[in-house]
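Let chain C serve as the given structure and place chain B on it in line with the hints.
The chain contents come next:
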Amino acid sequence: MSTTTTFGPDREYQAFLAQKRFMIQRARATGAHFYYPRIAEPRSGALEWEWVEASGLGTVYSTTVVRSKSGNHNVALIDLAEGPRMMSRVVGLSPESVVIGMQVRARIDVLAVLFERVTVEAP
Amino acid sequence: MELLAQASLAAINDAGLTIPDIDAVFSMLPDDPWCAMSVPEYLGIRPKLIESTRTGGSSFQIHALWAALALDAGLCDAVLVCYGSNQRSSSGGFATSGGTEFGYESVYKPRNPPTSYALAAARHMHEFGTTREQLAEVAVAARRWAQLNPDAFARDDLTIRDCLEARMVSDPLTVRDCCLVTDGAAALVMTRADRARDIRHPPVYLLSAASAVWHRNISAAPDLTITAVAECAPRAFAQAGVKASDVDVVEIYDAFTINTILFLEDFGFCPKGEGGRFVAGGAIAPGGRLAVNTNGGGLSCVHPGMYGLFAMVEAVTQLRGQAGRRQVAGANIALAHGNGGLLSCQAVTIFGTADAV
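These protein sequence lines are chains C and B, in that order. Numbered continuously in the numbering used here, the first sequence closes out at residue 123. Numbered continuously in the numbering used here, the second sequence closes out at residue 1357.
Just so you know, not all the hints are guaranteed correct.
[Stated by the list, open to error] Derived DSS-like pairs: lysine-lysine, alpha-carbon spacing no greater than 25 angstroms straight-line:
| no. | chain 1 | residue 1 | chain 2 | residue 2 |
| --- | --- | --- | --- | --- |
| 1 | C | K20 | B | K1109 |
| 2 | B | K1109 | C | K69 |
| 3 | B | K1272 | B | K1243 |
Hints are computed from structural coordinates only; laboratory data are not their basis.
So that you can see chain C by itself, here it is in the shape it has in the complex (with noise of 0.2 angstroms):
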């Protein structure tokens, strides 16, 4: 992180990832979730949250391929299964094979957390 906080749900996230875990807040009050982490939930300032670990389902909201000298990447919005949006890179296939609406599972990588292609097996 670019800014270094010395406590707070910045600095918890971080350290719930070290431990390899994806956690997102959940006000108690709406059962909503919310994420980036914040002291409050964005528009209610609701103070009182939880920490629940997220279910790592998602669905790409959009994608883009980075393009550089030094090789292309993915980057995409994904929209969590609780309902935020992030940004992540879906892995484990060619960044421009990533499409709208594909189904993915986060993996946690040091201290980021990417998304997986979700294969259906066949029955």
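Frame of chain C; chain B shown alone:
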């Protein structure tokens, strides 16, 4: 700063004023967070009022909004709104204008700003069937306007095919879908209508201004196909007492080709999702159905990091009837829009001639 000062002196002179007549300075320099003090110092102005709202390319529409209120309230009598950047000669790349990196995105290495706009373009294509050819139409139309503007930076011929075959930056946007990286400066002087009657040129009137912010980072945008223009444009039209169909000249912040399509929709020039089809067939090029970005825009005229003030200058130039070969005949109402950040801050100004007041 030198470019900003040149533009400022030209604007003050154009208004028939001198530096001591200016009593408010609304300024923006991309790499100087203290420009509210350094610009007055450089020009030798002791302003009663300063303003430096910093919302990227939309800063200047917001400056105009506060300038109008300050003039109306009698806080000041003559406002200089100014900008300058030597981004091309100093770095040759996109100016980032500072700011704190957002770690929840930067870890994935988006190449911003193009990547954020590319994500919006990809989503628009997915939802509405917008094509890369339609994006290219925007770039080609801008270039054809630029070819009528001797001050435009990029004036060579550009075809749809050139755009489609250009180097990809962040899919689906190629380098031809991205704005220029140029140097440049612009400035405006604003005063009250009663005072403006005595100055050198027939004045152009600011009919309304409005802004809206919905997010900062693209991952926090609620819907990548709808911008905050959908919220602030109705306010601006209502305040000016005009409709989209009354607007003769449309200056839209075209940092990327998808911008023109998104904003034409959100201003109501066409229904949501129809922007790609609306611009097809040269419809926004010279001689088309709507005069859009008549100076060549950020895509072909000038884009020194923040373009919003250039859109306002072109709107005023058109309404003064001084646009030469690119003049839109009988232009009475012009819209000049600013976009800041990553589709983040939207701001609009609507200008009119004396006939429109």
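The hints, checked one at a time:
At roughly 21 angstroms between alpha-carbon atoms, K20/C and K1109/B fall within 25 angstroms of each other, so this suggested pair holds. Proximity of K1109/B to K69/C is assessed by CA-CA distance (about 14 angstroms); at most 25 angstroms being required, the pair is judged to hold. Simply put, K1272/B and K1243/B have alpha-carbon atoms about 17 angstroms apart, close enough for the 25 angstroms limit, and the pair holds.
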